[in-house]
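Colleague: Below, each chain spelled out in residue letters.
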Amino acid sequence: MTTDPAPRLSRTDIARRAALDLPDGGIVNLGIGIPALCSNLLPEGVELRYHAENGILGFSEMDTKLDGDPNIMDAGGNFPKLVPGMAFFDSVESFGLIRGGHIDVTVLGGLQVSGKGDLANWMIPKRGIGSIGGGMDLATNAKRVIVAMEHTTRDNKPKIVNQCSFPLTAPNCVDDIITDIAVIKVKTQGLFLMEAAQGWSPEDVQAITEPELNVSDNFKPFQTA
Amino acid sequence: MTTDPAPRLSRTDIARRAALDLPDGGIVNLGIGIPALCSNLLPEGVELRYHAENGILGFSEMDTKLDGDPNIMDAGGNFPKLVPGMAFFDSVESFGLIRGGHIDVTVLGGLQVSGKGDLANWMIPKRGIGSIGGGMDLATNAKRVIVAMEHTTRDNKPKIVNQCSFPLTAPNCVDDIITDIAVIKVKTQGLFLMEAAQGWSPEDVQAITEPELNVSDNFKPFQTA
Amino acid sequence: MPDNKTIDNFKDAVADIPNGASIMIGGFGGAGGQPTRLMLALRDLGVNDLTIIGNVAGISATTHYGWREGPDDPKPVDQGMFFASNQASKIICSFPVPGTTNPLSEIEKAWRDGKAEVEIVPQGTLIEQIRAAGAGIPAFYTPTGVGTSVAEGKEIREFQGRTYLLEQALPGDYAFIRAQKADTHGNLQYVGTSRAFGPAMATAAKITIAEVDEIVEPGGIDAERVGTLGAYVDRIVQRKAGDPYP
Amino acid sequence: MPDNKTIDNFKDAVADIPNGASIMIGGFGGAGGQPTRLMLALRDLGVNDLTIIGNVAGISATTHYGWREGPDDPKPVDQGMFFASNQASKIICSFPVPGTTNPLSEIEKAWRDGKAEVEIVPQGTLIEQIRAAGAGIPAFYTPTGVGTSVAEGKEIREFQGRTYLLEQALPGDYAFIRAQKADTHGNLQYVGTSRAFGPAMATAAKITIAEVDEIVEPGGIDAERVGTLGAYVDRIVQRKAGDPYP
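Chains as they are written, first to last, in numbering that gives the first Met the number 0: chain F, 0 to 224; chain L, 0 to 224; chain S, 0 to 245; chain Y, 0 to 245.
The shape of chain F in the complex, shown without the other chains:
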């Protein structure tokens, strides 16, 4: 087992980097886990319209209280702050919005991503049962799919793999992968390393990534703002 050349970034850092890619004024759906952290880490002046599967569009910040109104929640069970211009609707409308391709960006967690952009994030095979939720609809139909996850498993095995061994959420759906050491773009020609964390060379990232990484002509340090 190799040693890391430099510290890996935190989950908050991953979310902060993902938040940089969210377009001002865009309609965005954040998955649970690291993606959910994005909502409070947006760059100054950027305002998003968050969508949650349970039938809400237009919120921009979460409340941290634990005793909010259970009739006004997001899909993760958190309490959004009410903002002007919000709307409530039922699940038919909510998934019409998703499946119809009206979500600009979704940020999802990942268990595995393949070199072709296949995503697996809903079931660990040895458990034999899992939760699909809205993830398959989002991964299949959002205009842009960003996966925000740790680069490897806890025992340092690659999560960016040649072929997913876990059940797929959707094939060929991921546009960008943001991890605790790298930012990688998925193109038809393969994976392109766009950024790496401080102290990590492209070779260091490649060492814990299964598919071959092409180093982008615009390769640069991990962006923070």
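Wrong hints could be hidden among the right ones.
Below, computed lysine-lysine pairings styled on DSSO-like, alpha-carbon distance capped at 30 Å [said to hold, decoys possible]:
| no. | chain 1 | residue 1 | chain 2 | residue 2 |
| --- | --- | --- | --- | --- |
| 1 | S | Lys4 | F | Lys142 |
| 2 | F | Lys156 | F | Lys184 |
| 3 | S | Lys153 | L | Lys142 |
| 4 | S | Lys108 | L | Lys125 |
| 5 | Y | Lys239 | F | Lys64 |
| 6 | Y | Lys153 | S | Lys153 |
Don't read these hints as lab results, they were simulated from the structure.
With chain F's structure known, arrange chains L, S and Y on it following the hints.
Modeller: Just chains L, S and Y now, kept in the frame of chain F:
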């Protein structure tokens, strides 16, 4: 050409008879023409929830004014009186209600009805063009379809025929036919003459009806209340 | 930075519509819910080879269908204007022909003259096709139209012993929607029966343009009363106060 | 004569539910929109071999998902109650399993013990299947699930160059719906995100029962704010004031 044994009833009489078949508290959609007349001819104490295709449920009476609010109309372009318990909705919901089988009774006009209950009411072939509107959805999916029409064409040709020569609205959909001389039930075994207008014998009705009529065991005069 | 989808006038709102575009026109037919000012602006733009998608289509001008008839009310206008001006070559609709005792509509005239194709679709199928296009459903089965001319050339299939037709999604290039209120994010609020085909069309078109009586700041529409999400609306235009058209 | 769909208490409202029935449970998962009193009445009825249809299912009791955590708030209850009591043999849902760090839910326990079948469906497909059942659509195509285990055994078909799955309508015997207000005709009004699966389920079940905070006379719900039409609702039951469950 035979002579009528007695006067035929008026369009209003047809509508009044059809109105007798509308179940108290039921959800009813009335087509244009004779069917639309039913709404102001209900028996005392009966209250219906009318549905119109353009997205309104629960009205019970029409206003006769010509300068009502164009944002509150029925599908025929008339102005319903506002009543408590009404609801407005869009056309997706409106046809979900129809196609999903949630309309108790529809009363439709007819150009031809066959002995099997096929209905043709949307196009006269020699015109070559016609209007389907909500008729096909209603005829195909309402729990009960009543056709209210004159018994014959203006030149006394049967409109109840062995086989419709006009384009069908829906095959095998009609439950009851109410005309200006008769009430006829469509069963899998054939047509059953239930009622005839004053002065009209079963033979008189049969003379201007193509398919064979079975005279019901409960045959009686045309009901008016 | 919140965007503001307001366009200053109807002319600018339709200015990019090219020849050959498909235009969905909301409402049901009649004045309530008809985006009349957007329609007039499109007519004035003068593009051609348009496909119009609507429900009740082109019968108001000759029959007064769905229009008030008070002494001060204007003469009805409808989708027939695009056929009278030879701008439209096709209409997809459910109800383009009035009863035999009415004068011919502009659409029927154009059809008789071989200048326009008229595709007549059952109303429930038409709205479901539009809804499907906006909701990512490419095709669905419906019982309506089985055993009729509507089924010609279409796949027939049985489910649980009943027979159904396969119908496909119907998207549009532009949707013209009439609503009573918009906020600057494009959320729309409708009144009464005026919504009809509007909400589904807003989801199904590449560009949705809303004609409204009033534009308010976000929050000016109750979150429980949004009939069309701003996510579906690209441009909003406010009508002039006192417009004689409803 | 207008009907009044009010039932006096929850016990009577569910009394006719037989063994083997399929029960749709509205809301999204969590307290908001969950018809908790109807669920408790069904548990007390003691029927078995039930199929439960819901969305997020059975994870609140162990994870507190979707429930307030104020000092006076009750312990969460969820669909797991029917599996703990061995009344349910199957669940159709989208989200029955919480993260690995959470205790096992009653549903996962029943599944591990081979006592319950768990069918996991993408959320958008599940709600569309339910909507289809209520809207007379026997089957539809969706892109979601193509190339995954969800597609196993299902028809695959291309439309306009993209691949889709055929999914079928999902009706239910009973639907339990939670709303904030009902009128005596059964029209329902919802608040916030509590509606979720409720409106579609109301259309898709043979018998729809609504649990509400308040029952009003017709007219007590604005005609523009009816979230579920009375046409779909068979029974309404009012909760006791001050019920500790949300």
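Colleague: Evaluate each hint against the coordinates.
Modeller: Checked hints:
1. S:Lys4 - F:Lys142: Measuring from Cα to Cα gives roughly 21 Å; hence the hint holds.
2. F:Lys156 - F:Lys184: Distance ~20 Å between Lys156 (chain F) and Lys184 (chain F) Cα, so the pair holds.
3. S:Lys153 - L:Lys142: holds (26 Å)
4. S:Lys108 - L:Lys125: holds (15 Å)
5. Y:Lys239 - F:Lys64: holds (27 Å)
6. Y:Lys153 - S:Lys153: OK: Lys153 (chain Y) and Lys153 (chain S) at ~21 Å, within 30 Å.
Hint violations for this structure: none, all hints satisfied.
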